[in-house]
Amino acid sequence: MKQEAFQQYTDQDLTILGLFIFVTFFVGLLFWVYRRTQAPHYKYMSQIPLEGEQKS
Amino acid sequence: MNQSSQEKFVYYDDDIVKKFLWAVVVWGAVAMLAGILAALQLAWWPANMGLEWITFGRLRPLHTNAAIFAFAGNTIFAGIYHSSQRLLRARMFNDGLSKIHFWGWQLIIVLAALTLPFGFTTGKEYAELEWPIDISIAVIWVVFAVNLFGTIAKRKERHLYVAIWFYIATVITVAVLHIVNSLAIPVAFLKSYPIWAGIQDGLIQWWYGHNAVAFFLTTPFLGLMYYYVPKIVNRPVYSYRLSIIHFWALVFLYIWAGPHHLLYTALPDWAQTLGMIFSLMLWAPSWGGMINGLLTLRGVWHLLRTEPTVKFLVAAVTFYGMSTFEGPLMSIKAVNSLAHYTDWVVGHAHAGALGWNGFMAFGMLYYLVPKLWNTKLYSVKMANTHFWLGLSGVLLYYVSMLAAGITQGLMWRAIDSQGHLVYPDFVETVRAIQPLFWVRLLSGLLYYVGFIMMIRNLIATVKGAPATAPAEKVTEPVTAGHDLSNEKGHRKLEGLATVFTVLALIAILVGSIIEIYPLINISKYVEPAKMPQPLTALELAGRDVYIKEGCYVCHSQMIRKMSSDVLRYGPASTIGESMYDRPFQWGSKRSGPDLARVGGKYPNLWHYRHMVDPRSTTQGSLMPPYAWLGTNDADFMSLRKKLSAMKALGVPYTDDMVANADGAAQADAKKIAEDLAANGAPAGLEKTELVALIAYLQSLGKKGGQ
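Chains C and R are the protein sequences, given in the same order. Sequential numbering from 7 applies to the first sequence in my numbering. Sequential numbering from 10 applies to the second sequence in my numbering.
Derived from the structure by calculation, the hints contain no laboratory data. Think of the CB as a built atom: it goes at the ideal place given N, C-alpha and C, for glycine as much as any other residue. Possibly wrong hints are sitting among the right ones.
[What the hints assert, rightly or not] If you anchor each label on the Cβ, the simulated ranges turn out as follows: (1) R:188 to C:21: 26 to 36 Å; (2) C:21 to R:108: 46 to 56 Å; (3) R:659 to C:12: 25 to 35 Å; (4) C:43 to R:309: 51 to 61 Å; (5) C:33 to R:307: 47 to 57 Å; (6) R:59 to C:12: 45 to 55 Å; (7) C:22 to R:458: 48 to 58 Å; (8) R:647 to C:21: 39 to 49 Å; (9) C:34 to R:309: 31 to 41 Å.
[Unchecked claim] The calculated lysine to any residue pairs, modelled on SDA-like cross-linking and capped at a C-alpha distance of 20 Å, are: (10) R:570 to C:14; (11) R:656 to R:532; (12) C:49 to R:240; (13) R:533 to C:47; (14) R:385 to R:475; (15) R:380 to R:31; (16) R:533 to C:53; (17) R:482 to C:57; (18) R:342 to C:12; (19) R:570 to R:303; (20) R:240 to C:12; (21) C:49 to R:303; (22) R:27 to R:477; (23) C:49 to R:53; (24) R:610 to R:581; (25) R:240 to C:53; (26) R:163 to R:105; (27) R:650 to R:331; (28) R:163 to R:147; (29) R:108 to R:31; (30) R:533 to C:14; (31) R:342 to R:677; (32) R:28 to R:575; (33) C:49 to R:243; (34) C:49 to R:166; (35) R:696 to R:707; (36) R:533 to C:21; (37) R:165 to C:47; (38) C:49 to R:342.
So that you can see chain C by itself, here it is in the shape it has in the complex (with noise of 0.2 Å):
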């Protein structure tokens, strides 16, 4: 099956740059995006389109 997919397939070394961009991006995200210091950070975020404007 793996043979079979890979058949024609010349540029390995791709696949292992895919793979490790791939992972690397992700696991840092996540550890990134729920670091818990940043709470009060999302909060203020999450609340620019709350934001009234003024009419005149």
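We have chain C already, so just place chain R on it with the hints.
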């Protein structure tokens, strides 16, 4: 600075938003009307009316372009111009650029409406517009980008709300997709050949095509969702963290998913598998996003009973969830083998377009028109009726096409105990689902009646508005936000729009390059001994007629590696066979049979009769008659230029073949015309497009490359 005596104000430019809103209404009406006519043509062929300009093959690209780039496009721009100013607390960068963007985009739409019916098309789905219009699109897109980034640069809110991220990703990715997919060599004012050929063109076209869905119909609309849903229900988004994951996951994953449009084709297996796996991974962020949108209503679900705006938005986000569940499902190879080329795909596309994009647009319109004109909606009751008509329309559309698609897909693959096809006649499988085309027409009419009611409602709302609406403004400078110098990490990243933009660009380029690069050198996939013969000059002229009439809209040229396909159409198509095809014509829908090996299957006369009156050869066919092909003169004079362009792109034509292209074509045409006349067709057809087209059809599958 913030004492009231020193207060300055920023006034938002809402005129431009109003302009885009009217454009949404006008082009929506046009796009859906074209869709209804197309639906009628499939149910009842005489609705093609024998008019070449609105026959299905030319009308369908007009419908899709109008729906995507005119209706959805103007929706995006209206929403972005309205919400960006408020989220960034700044007026748009330059009012002149806003106006150039608006009028430029409308001009492009008008040019599309003027060229597509006359058969000026590249033959690449959702990218049919010819090169001068493509260049205009790029220019206007840059104007839009400068205007948006200029506004971001002068913003008074330090932090970029997640909706702005989605807008930035849209701007950069659409630019990359449009430019790469549209690269072409012009051979006339409104005719060009793509620099990509065959399998490369296929991969790049669907990398573009699927990401037009992702970055034109999804990310900008998600930006709108992240602004309008919280705004309208007056609740912050359910989880801001989730919205960040949603964003990066979509931007990173979507770009890889294109090959799921090419499963079981000649595309190498590794690319198919890659496309399928990344499509499956999209389940997670898509549903995360849907849940994030819906749970924003926590505590205020009662608004769903009273507010038509909320009804539309909630239904839209629900359709987003349904479509993004179904999409990955259909990318699973086993499911795709049934769904591909059938009306199931059409149903899926319309659940997205009508349910997600359409309902988002309507929700936004019902919110913005009263707000911008400083009044109340003329009739809530009418808006509610619109909602229920629209919802019934989408559901009926989806269910009818799902049933039609699965029915036809099962009939195509039905094989009896002897190993023969149970329904060897393609037309049998068409007749079986024809009643469902009428149901689809009805569903379109329901949706359209609702849409017309909305127009009436909005016009009455504006008419009843006070003559002068006060302009919206915010105090300047805004105290909110922090000084960037004290920030670190992701916070600083959000503040640095340029760095952010570069990161988003890298995210989309990683997938694009890793997926496309291995196919750039096509020679490793085709052995020199198995290279096909290039088309003769007459066949090339016929191919251009095939493209002009939009034959690819209903006929594929790609026999999949599946027993039922091989039994019905012959050996599976190979990479070599289409390696000179510019553009590739593998197709995406079989309303008629595959044509990859139709060459030599029927005599010339059969094709003549079939084109003039399809039902004279195929009882029950839904194909429109193409009688004008028998009277229109074929364009032989441009053939030298065309062959020379093809030669420059690497097709092995000799200098002699280029120099004598028109003479050779005329000589070949004469032979076919004589054969036709000898068998009972009218004499004197040698100059017609029909003869060129017959030459091309007879060459399909006969050029080697297997």
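Results of checking the hints against the structure:
no.: 1; hint: R:188 to C:21: 26 to 36 Å; verdict: holds, 27 Å
no.: 2; hint: C:21 to R:108: 46 to 56 Å; verdict: holds, 49 Å
no.: 3; hint: R:659 to C:12: 25 to 35 Å; verdict: holds, 27 Å
no.: 4; hint: C:43 to R:309: 51 to 61 Å; verdict: violated, 30 Å
no.: 5; hint: C:33 to R:307: 47 to 57 Å; verdict: violated, 30 Å
no.: 6; hint: R:59 to C:12: 45 to 55 Å; verdict: holds, 52 Å
no.: 7; hint: C:22 to R:458: 48 to 58 Å; verdict: holds, 56 Å
no.: 8; hint: R:647 to C:21: 39 to 49 Å; verdict: holds, 45 Å
no.: 9; hint: C:34 to R:309: 31 to 41 Å; verdict: holds, 35 Å
no.: 10; hint: R:570 to C:14; verdict: holds, 16 Å
no.: 11; hint: R:656 to R:532; verdict: holds, 17 Å
no.: 12; hint: C:49 to R:240; verdict: holds, 15 Å
no.: 13; hint: R:533 to C:47; verdict: violated, 52 Å
no.: 14; hint: R:385 to R:475; verdict: holds, 10 Å
no.: 15; hint: R:380 to R:31; verdict: holds, 15 Å
no.: 16; hint: R:533 to C:53; verdict: violated, 55 Å
no.: 17; hint: R:482 to C:57; verdict: holds, 12 Å
no.: 18; hint: R:342 to C:12; verdict: holds, 16 Å
no.: 19; hint: R:570 to R:303; verdict: violated, 41 Å
no.: 20; hint: R:240 to C:12; verdict: violated, 49 Å
no.: 21; hint: C:49 to R:303; verdict: holds, 18 Å
no.: 22; hint: R:27 to R:477; verdict: holds, 14 Å
no.: 23; hint: C:49 to R:53; verdict: violated, 57 Å
no.: 24; hint: R:610 to R:581; verdict: holds, 16 Å
no.: 25; hint: R:240 to C:53; verdict: holds, 10 Å
no.: 26; hint: R:163 to R:105; verdict: holds, 16 Å
no.: 27; hint: R:650 to R:331; verdict: violated, 49 Å
no.: 28; hint: R:163 to R:147; verdict: violated, 24 Å
no.: 29; hint: R:108 to R:31; verdict: holds, 14 Å
no.: 30; hint: R:533 to C:14; verdict: holds, 9 Å
no.: 31; hint: R:342 to R:677; verdict: violated, 43 Å
no.: 32; hint: R:28 to R:575; verdict: violated, 53 Å
no.: 33; hint: C:49 to R:243; verdict: holds, 14 Å
no.: 34; hint: C:49 to R:166; verdict: holds, 15 Å
no.: 35; hint: R:696 to R:707; verdict: holds, 17 Å
no.: 36; hint: R:533 to C:21; verdict: holds, 18 Å
no.: 37; hint: R:165 to C:47; verdict: holds, 17 Å
no.: 38; hint: C:49 to R:342; verdict: violated, 42 Å
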